[in-house]
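As numbered in mature numbering (1 follows the signal peptide of the UniProt record, and there is no 0), residues -16 to -1, 1 to 264 make up the sequence shown, in order.
Heads up, a few of these hints could be off.
[What the hints assert, rightly or not] When the alpha-carbon atoms are kept at most 27 Å apart in a straight line, the in silico DSSO-like pairs for lysine-lysine are as follows:
1) Lys88 / Lys30
2) Lys224 / Lys158
3) Lys88 / Lys224
[As the list claims (entries may be wrong)] Distance windows between CB atoms, simulated:
4) Ser33 / Gly226: 49 to 57 Å
5) Ser208 / Ser33: 56 to 64 Å
6) Pro86 / Asn42: 16 to 24 Å
7) Pro86 / Ser228: 26 to 34 Å
If you are wondering where the hints come from, they were derived from the structure by calculation, not from laboratory data.
Each residue gets a CB set at the ideal place from its N, CA and C atoms; glycine is no exception.
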Amino acid sequence: MKTFILLLGIIAPAFAYTDSQCSSYDHETYGCVGECISTGDCPGSKYQSNLCPTQPANVKCCFTADSDADCANYDHSTYGQVGSCIESSQCPHSNYISNLCPTKANSIKCCFSKPEGTCGGGGGGSAQEMACQILANNNIYLLENNGYLNSNGANDGADAESNIRDTCNGGTAKRSSYCCSSGCAPGGSVSLKASVLSYILDVANSGQYNSYLQINAIAGACHSSTSWHYQGTSVDLQIKSGDSGYASSWMSTCSAAGARENLGPGYPGHSTHTHCAFAS
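Please put together the full structure from these sequences, using the hints given.
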């Protein structure tokens, strides 16, 4: 596993002040989500003066992100441009910026955990980043042997834990190569996509599960021959004891993320797990 050492200072969360002139102002370009914060903490310097009259001179009305995409696309001058919305307590070295994950809980910030120059281009770097976050998340249990799902898959190295670890280490995720009643797994390997990894983190960060979130399968195990699992865009979440009331929340999150397939209890073969798959 690659280790990146950051000899950098901590980004302190921005402190937001309250002023009704700012919060009720509808900016024609930036939108109507205004907060009175220090100009130095305002993402993209999207602020307007004279709307926070009761605050210090360096506090302006900042129009923060209106979607979480602003986090992933934010080009931080020191930490790079691969940001992910995760719990601030889980962000390595506390290298995060506030106000870039507006659809998430207040404790979730835009985390930058790689030094500048290591992010790579496109989704590959982002997928690796998120895989490392999943691997380090104590609320996520990654099934470590496909033998628990089918004896033919025992120790095949295509289990969920191996898929995530290999991706975190910059490699591809192994696919299983055995047959079952649903079809035959193709073998080989595939790059896990950022879409499915982001979904896993969203569910894990929601707290909607009993004690921990169990990941059964990503690119491995045996599914239908045309399964999205083999494209690296799908995940199965186990509905373990105490989770039955949360499965609908997982499926709602899956749908909101723009999934291609969204299955769970009530669908044939999905009484004990949910299945979320993306087209890319």
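Tested hints:
{"no.": "1", "hint": "Lys88 / Lys30", "in the structure": "holds (20 Å)"}
{"no.": "2", "hint": "Lys224 / Lys158", "in the structure": "holds (25 Å)"}
{"no.": "3", "hint": "Lys88 / Lys224", "in the structure": "holds (25 Å)"}
{"no.": "4", "hint": "Ser33 / Gly226: 49 to 57 Å", "in the structure": "holds (52 Å)"}
{"no.": "5", "hint": "Ser208 / Ser33: 56 to 64 Å", "in the structure": "holds (59 Å)"}
{"no.": "6", "hint": "Pro86 / Asn42: 16 to 24 Å", "in the structure": "holds (23 Å)"}
{"no.": "7", "hint": "Pro86 / Ser228: 26 to 34 Å", "in the structure": "holds (31 Å)"}
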